[in-house]
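Keeping the supplied structure of chain L fixed, place chain G upon it in accordance with the hints.
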Amino acid sequence: MTGWRLALRGLRRRPLRSALSLAGIAVASAMLLDMVMLSGGLDRSFEQLLLVRGYQVRITPKGTLPFDAEATIGRGSALMAALRAEPMVASAAPVLGAALHARAGVPRGGGDPLVTVVGYGVEPAAQAIYEVERGTDLAPGDSLGLLVSAPAAGRLGLAVGDTVAVAGRLDAQLAAAAAERRFVVRGLARFLYDSRGQPSVATLLPVMQSLAGPAYADRLSLVLVRAAPGADPERLTGRLRALVPSVETNSVADLVVQFRQRMLYFRQLSYILGTVSLVVTVLLIATLLTITVSERLGEIATLRAIGVGRRTVVLQVLAEGAVLTVLGGALGVALGLATARYLDAILTGFPGLPAAFSFFVPRAGALLQAGAVLLVTGMLAGLYPAWLAARAPIAATLRAEAT
Amino acid sequence: MSPSTGVVLRGTALRKSYRLEELTVEALRGVSLDVSAGEYVAIVGPSGCGKSTLLQLIGGIDTPTAGSVELLGTRLESLSDRDLTRLRLTRLGFVFQRFHLLPVLTARENVELPMAEAGMPAAERRARARELLAYVGLAAREGHRATQLSGGEMQRVAIARALANRPVLLLADEPTGELDAATGREVMALFRRLNAEGTTLVVVTHDEHLAAEAGRVVHMLDGRITDDVRSVGAA
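Here the protein sequences line up with chains L and G, keeping their order.
Read in order, the letters of the first sequence are residues 17 to 419 in this note's numbering.
Read in order, the letters of the second sequence are residues 975 to 1209 in this note's numbering.
FYI, nobody ran anything at the bench for these hints, they're computed from the structure.
Note that the structure is predicted; figures quoted are calculated from it, not measured.
Glycine included, every Cβ here is placed at the ideal spot set by N, Cα and C.
Honestly, I wouldn't trust all of these hints.
One side only, chain L facing chain G, incomplete, derived with CB under 10 Å [unchecked claim]:
1) Arg25
2) Leu27
3) Ala317
4) Thr318
5) Arg320
6) Gly325
7) Ala412
8) Leu414
Okay, chain G solo, but in the shape it has when bound:
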């Protein structure tokens, strides 16, 4: 965390264009966004407005055509692929719409995966995985394969996996997109709890209810931020 400003993430003048056959698609047209420690930011907007692209850029899984991203003062563009991968592993947590758990692994093993990649000793990561599964309410399901879990349970395991290496920033792309209303509410409650306990969150969503949970809502349209609304009392 940048000690002077409290800014965890800073995206500056981000542009991203894709070649789509003969056409060049401008997904982002100069977006700047700062996220401070402890914030809960929801990025909303219609399909194709660039919100997922923005999340991928600030998460270091794609590179901007122009502009820069800084995470805790480190410019992501200056990092090698190896260092960027390491940064994603140790500093960021990702939650995706389709969970993408490894189906051949149990819930606990899925949560252990990023910790194993980070080189954490087996006993330590097992204990932490159990602790995280208990946190998301799935202690009793630790030995179940991913394929034996419901959609809501899978997403909660994915959240536990995202928290495994104690990230400074949790990024979620349509985390309730594949869930029914009831299980979506469970995930929303989990995010609210995480934020209340100090986790910084950036969530891309279509879900108005989920966006309403956030202390700050960033509206996007045609690759630009059109509005950036902070609730009263938000960080």
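Looking at chain L on its own, in the form it has when it is part of the complex:
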């Protein structure tokens, strides 16, 4: 009979109490796991999202982050020429983003007649903001082609091959589009940085500049840059800062640092809630074991009387704490992963947040870290009751038991 088996059987003495305690530990463990996933998940998810297409550097208007403002970069073609002439640059992907208004010829499936969408102007040969899921990508020179996101297609009732009218600006007095062009939907695309439900379209960069109006001529919102093989992205970032000082140049690592600073409150919150959950776990286990030891003092005194050592008694109580922690923690992992998914769905639904972003990233390291912390905590929680058990006065306890 090992101490672990004895501890496991000990939980069966009071099955309801053990079940309630395990439920409490599971909830606290789930919270701890979620907080561990949250504290590291934000950065990791953000970094993964930025690197999804392998572009390590972002160039934006001075003083802004990507799509942080409506500001744009002037003399876009000169900037692109300079970037493409740089030996450390493997690829540069320009993007212009602006609000557009789309109207399907004959809305199908109850689509809206006029829908405001986010329009992206891109160069299909070097783009890093979408993935085509159905139909075909835009071809170079295809000034009639348009890619639409699933939310845009849904709201406009569009399918591949359909025609759609898109206007850059609305004339407020005439309530009509000042400049409208007709496009053919070439494909449905998933826009990597869109928020959930965001209707978006993409067309060629010159077409988009034209649609958006004279103020957008030769302007860009963002350029994504991929380093040449063997080139260090950080060195490239420094090089581009020197080359084009009029714009903001950040590596993904820089952006992660800035993001981390912006999200500091999330991390602090996760640390606080994680600590609270640990404290709750300690209190739960310590309370349960203290009650258990108090109830079993007579039994413990008898064991000590027949020659069972203090060490065995202490290890027994600690083993019970560890068994509770392991079982409760295992339940907590399942519960934590389920609640993380639920919470993630809520949080990533906030306006402006990329739908592909994740607040809770399950990682083996995080699971192991939470598990180790929990196990140590469970055993520490058993220290006081174990001390009580080991110090129980044998003779006095047996006398009290006999009366």
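Quick look at chain G alone, frame taken from chain L:
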């Protein structure tokens, strides 16, 4: 065992006092008692006379306020808690009024417990536990949890547990106190058999029938031994 005298246990001038709120209770007032190998000693007396306290002192589970206890020539007061625990494990056997078996363990596992603590290999202790359960007439109940046993069966398992590490002295505190007359008689018969086979026994009891089984009856009153009667032919 002390080879010259055959004395297993020697308690000398034992005193024990407790603080009970503002009062000091003198549980033992200078008790001396020798127990020789093979003796069957019953300690009797009214409640509160100090007989259980005396048993706890000679069993090394409590310390005297004054006086000394020697077991096989070793003074218990000179031992560390660890050594004293080891001595109780390997040299003494205890049987209590309320059995105190671990309810989550089977009868066999309860008997194995002291042997496991003593470091006996699993196969060996399993065989010995079975042998002991057969000895106390519970071979068929070895797989039953303690909670599935009757009071008499539990006490017999407790006796088997007490015998696990082959003690030189078996101490029992009111072993029939929780049992009805019939099951009490079974336990008495078991003690008689154990003594007949050479086990040294010291039993604290209120039970006149049980005391009558003993070869020597020590009477106590107010923390003192008032009479010490050996039957004719007793060791």
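To see whether the hints hold, each was checked on the structure:
1. Because the smallest distance between the Cβ of Arg25 (chain L) and any Cβ of chain G comes to about 4 Å, under 10 Å, the interface hint for this residue holds.
2. Checking Leu27 (chain L) against chain G by beta carbon gives a least distance of about 9 Å; that is within 10 Å, so the hint holds.
3. About 8 Å separates the beta-carbon of Ala317 (chain L) from the nearest beta-carbon of chain G, less than 10 Å, and the hint is met.
4. The closest approach between the C-beta of Thr318 (chain L) and any C-beta of chain G is roughly 4 Å, which is under the 10 Å cut-off, so the hint is satisfied.
5. Contact between Arg320 (chain L) and chain G, as hinted, is supported at the beta carbon level, the nearest pair being about 7 Å apart and thus within 10 Å.
6. Against a cut-off of 10 Å between C-beta atoms, the interface hint on Gly325 (chain L) holds, since the closest Cβ of chain G lies about 5 Å away.
7. Annotation: Ala412 (chain L) was flagged as interfacial toward chain G, and the flag holds, the nearest CB pair being 8 Å apart, inside 10 Å.
8. This hint holds: Leu414 (chain L) has a C-beta 7 Å from the nearest C-beta of chain G, less than the 10 Å allowed.
Against the hints set out earlier in the document, no violation occurs for any number.
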